[in-house]
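Novice: Each chain, written out:
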Amino acid sequence: MHFIIITFVSFFFFLSSLAANERPERVASLNLCTDQLVLELLDRDRIVSVTYLATDPVISYLADRAKGLPKNHGLAEEILPLKPDLILAGAFTSRPTTSLLKRLGYRVVVFDMALSFDTLRLNIIKAGVVLREEKKAAQLVNTFNQHVERIHPISGIPLSVIVLQPRAAGVGQLSLLGDILRTVGFTSFSVTDETMGVGWVTLDRIIEAQPELIISEPDPPWPSLGHLAMRHPAYEAVRDKQGRVPTRINLPANLWNCGGPQVAKAVSILAKARATALDQREIK
Amino acid sequence: MKPPLNAGQTGKISFPLLLGSLCILVVILFLFSVLIGKVMIPVGVIHEAFAEVDTAYGVIIRELRLPRAILALAIGAALGVAGAALQGLLRNPLAEPGLIGVSGTAALGAVIAFYSGLSVTFSFALPAGGMIGALISVVLLYILAGRDPSVLTLILAGVAISALAGALTTLALNLSPNPYAAFEIFFWLMGSLADRSLNHVALAVPFITVGVVLLMTTGPSLDALTLGEDVAQSLGVRLSGLQARVIIGTALAVGASVSVAGVIGFVGLVVPHLLRRAVGQSPSRLLIVSAPGGAALTLAADTAVRFLTNGPELHLGVLTALIGAPFFLGLVLKIRREG
Amino acid sequence: MARLTSKNLSVQGNNVVILNEVSVTFGPEELVGVIGPNGAGKTTLLKSLLGLLKPSSGDITLDGKTLRSWSRIDIAKRIGYLAQGAPCHWPMTVERIVEIGCSPHSRPLWGVDAEDRKIVENALRLTGISHLRDRIVTSLSGGERTLVMIARCLAGRAEILLADEPVTGLDPRHQIKVIQTLLSSVTKNTGVVMVLHDLSLAARYCTRLILIHEGRVTAEGDPTSVLTPQNLSDVYGIDASLREIDGQALVVCKDIRI
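Chains as they are written, first to last, in the working numbering: chain W, 593 to 876; chain D, -7 to 331; chain F, -3 to 254.
Don't take every hint at face value.
Just a few of them, taken from the derived set where beta-carbon distance is under 10 Å, the chain D residues facing chain W [as the list claims (entries may be wrong)]:
{"no.": "1", "residue": "Gly29"}
{"no.": "2", "residue": "Lys30"}
{"no.": "3", "residue": "Ile33"}
{"no.": "4", "residue": "Pro34"}
{"no.": "5", "residue": "Gly36"}
{"no.": "6", "residue": "Leu110"}
{"no.": "7", "residue": "Pro169"}
{"no.": "8", "residue": "Thr209"}
{"no.": "9", "residue": "Arg237"}
{"no.": "10", "residue": "Leu266"}
{"no.": "11", "residue": "Arg269"}
{"no.": "12", "residue": "Thr295"}
A few chain D residues that don't get close to chain F, going by computed Cβ distances all over 12 Å [unchecked claim]:
{"no.": "13", "residue": "Phe179"}
{"no.": "14", "residue": "Trp180"}
{"no.": "15", "residue": "Ser274"}
{"no.": "16", "residue": "Leu278"}
{"no.": "17", "residue": "Pro318"}
Read the hints as simulated data drawn from the structure, not as lab findings. On a predicted model such as this, the values are computed, not experimentally measured, just so you know. Beta carbons: idealized from backbone N, C-alpha and C, even for Gly.
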């Protein structure tokens, strides 16, 4: 189904790109997620600026590639002197900045946040079109699809799981992480399923839910209250309904905080974690 | 300054009775705080908290509710007593750790201790940072407004100190490598006791206890100080010793509180204000009843925040501010009216 | 029996000499009046004698020992202080204020023990304010407030009471009442030193007067020897004399001297 959509969308972008024919040679990115699309698809000499977040390995999957590139903090005045011929921005990039750049005649393309595998694929194709790297983009999407299709989820066996995030707990149905969890076979994966993006679950509800699998993040190299909260001693005492210690794994945030090919890695880590947790259940 | 409060008759309630009922109230609210939340704990399972095998209820009580209730009790008492002591020393009913910038500066100290990574290697750096921050602000405040019981001087000094602390906190956050530091601290500064652990209890409660005890010893001297500095000295009060005890006691109690709970404002204003008439305005008695009074208010507010909102829990400091700000405005009006 | 003495006491404030070589002594069994024009240094003398101000030279001794070697609390047990204007910063009850007076001797965290209770009752009775015990001190008149503070001093059982202008601003009835109360507290173990401006009251009630002018003791002795027309003219710049009407001393002031 989504292949049809993507074909249609890419055709649409192809047409529109014919109008703005030239290949962008000086690309600036104003958003962490567009940073990674640019870093995936372009050679360094065509990138004039990425955000300062792009070099932080905790949140940026391609931090190594971003090193040495000029950084911006999302300010128009940082971008103007670089004379870019294409600017990529996120839906949450400050509106005054994008509208100012547009008014000054720059070509600004805004990318939506990837809240599902479909938008993830769409964003890669769209980036391929505007960057004139359609082939590379199609290849990335293909590899991603192959990775995901190789996962054979052991579905139908309910496994209670709680996903901890540094500044929230729980996952919404309508999120990239939700799609990842569904792909690996989880059906219900949170105490609250109603909210979008992030869910709010209090720690007492988590303990009460008696999860078999706890997914959290590795500790970053910098001090973070959010990560400290995930190390609350209460988690050490959490037991599942059979009184067993739940399986606990760390999923690096940079694998799923932006929609990109790296999400495939998150999928395989979680598939393995689910298998381990189910094995545990049989061993004990 | 003329006394801002009504010069009417004092309350009829006797002091031991008042103290006793406040203590009973604290015990009841402590139990509520342990049992009530998003997960309701049946009274019958309290023993599970100390059972050999961990149950869900047992873990919730021992690891979440108990630390939370202990911190609410200790921090509430600390804020109440610190408010009463500062009001006695500065002879000003508006002196409150949050309003006059002590909590803000303590928060600055804690933020520096945490985001510099110091508290990761040495956990006591966190309360230490809070206490050093609080100490600096109380000393500054006393230099700026200590000898002058005028409301205006005190509030202006507090505004200046708060503004400086706020600016320096933002600066410290900008220097942090954590890209979410500002976001985290924005919420942390609002004050909360959610998901604190027994580690926090161990970090803060010893210092809070020492601070509160130190403040309690100032009662008789603060009583004498109501008659002016000269008369107080003629009654045997060593002013420098009294100042040192209030300043150090406040720094320990408020600094340690803020370092684990963020800024919980107005408790030190509301509690002494509500109890002052019941104890016949006597600063020494006010100090004593402000401990259970502050504990009761904080325990009640911290239990209420678990239910007031549907989504993320309301921050405790937000609720105390919503309760306290009208009191503050009312007090200002009263002082203006009475000249 | 306490004896409080200053020897060649000089005090400076902001590089101005306030007291200059003042030598006075106070003891039991007397009501001493300290008189002199505004700014003569009377309040400074009292505060120095309490140890609240540092002398620039000279010395103060209490029972022969220099005041500097006494602890605050031991001074408080021997010397009482009635501040000018009877200040009070919180609207406390009369009874509570008098209780505070006991504090040099006992410092309970709250409440008072049975013995203190008796002392407080006695102080209230001696000053005639038992009926005001539950009143808020800041709602009282100046005269009543002064009596409350005297009761507070009595509860402190000091041997020497230093009173700074206790009758200034009071109506005639309260002036007499306050001075009579102070006088009644003078015993063979206790004495009172009082700063005042009313020369007639000073002449009538004080056993001894000390006249201070520009930081120096100009005259000292019984009222008739101090309140001479010459002294009154030199110190106050008035044309006045001490008379007696109906057996009561009265300073009659005719004019000011140019």
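Novice: Look at each hint and say if it fits the structure.
Specialist: Status of the hints after comparison with the structure:
no., hint, result
1, Gly29, "holds (5 Å)"
2, Lys30, "holds (5 Å)"
3, Ile33, "holds (9 Å)"
4, Pro34, "violated (12 Å)"
5, Gly36, "violated (16 Å)"
6, Leu110, "holds (9 Å)"
7, Pro169, "holds (4 Å)"
8, Thr209, "violated (35 Å)"
9, Arg237, "violated (33 Å)"
10, Leu266, "violated (31 Å)"
11, Arg269, "violated (39 Å)"
12, Thr295, "violated (13 Å)"
13, Phe179, "holds (38 Å)"
14, Trp180, "holds (36 Å)"
15, Ser274, "violated (5 Å)"
16, Leu278, "violated (9 Å)"
17, Pro318, "holds (22 Å)"
Checked against the numbered hints above, the structure violates hints 4, 5, 8, 9, 10, 11, 12, 15 and 16; every other hint is satisfied.
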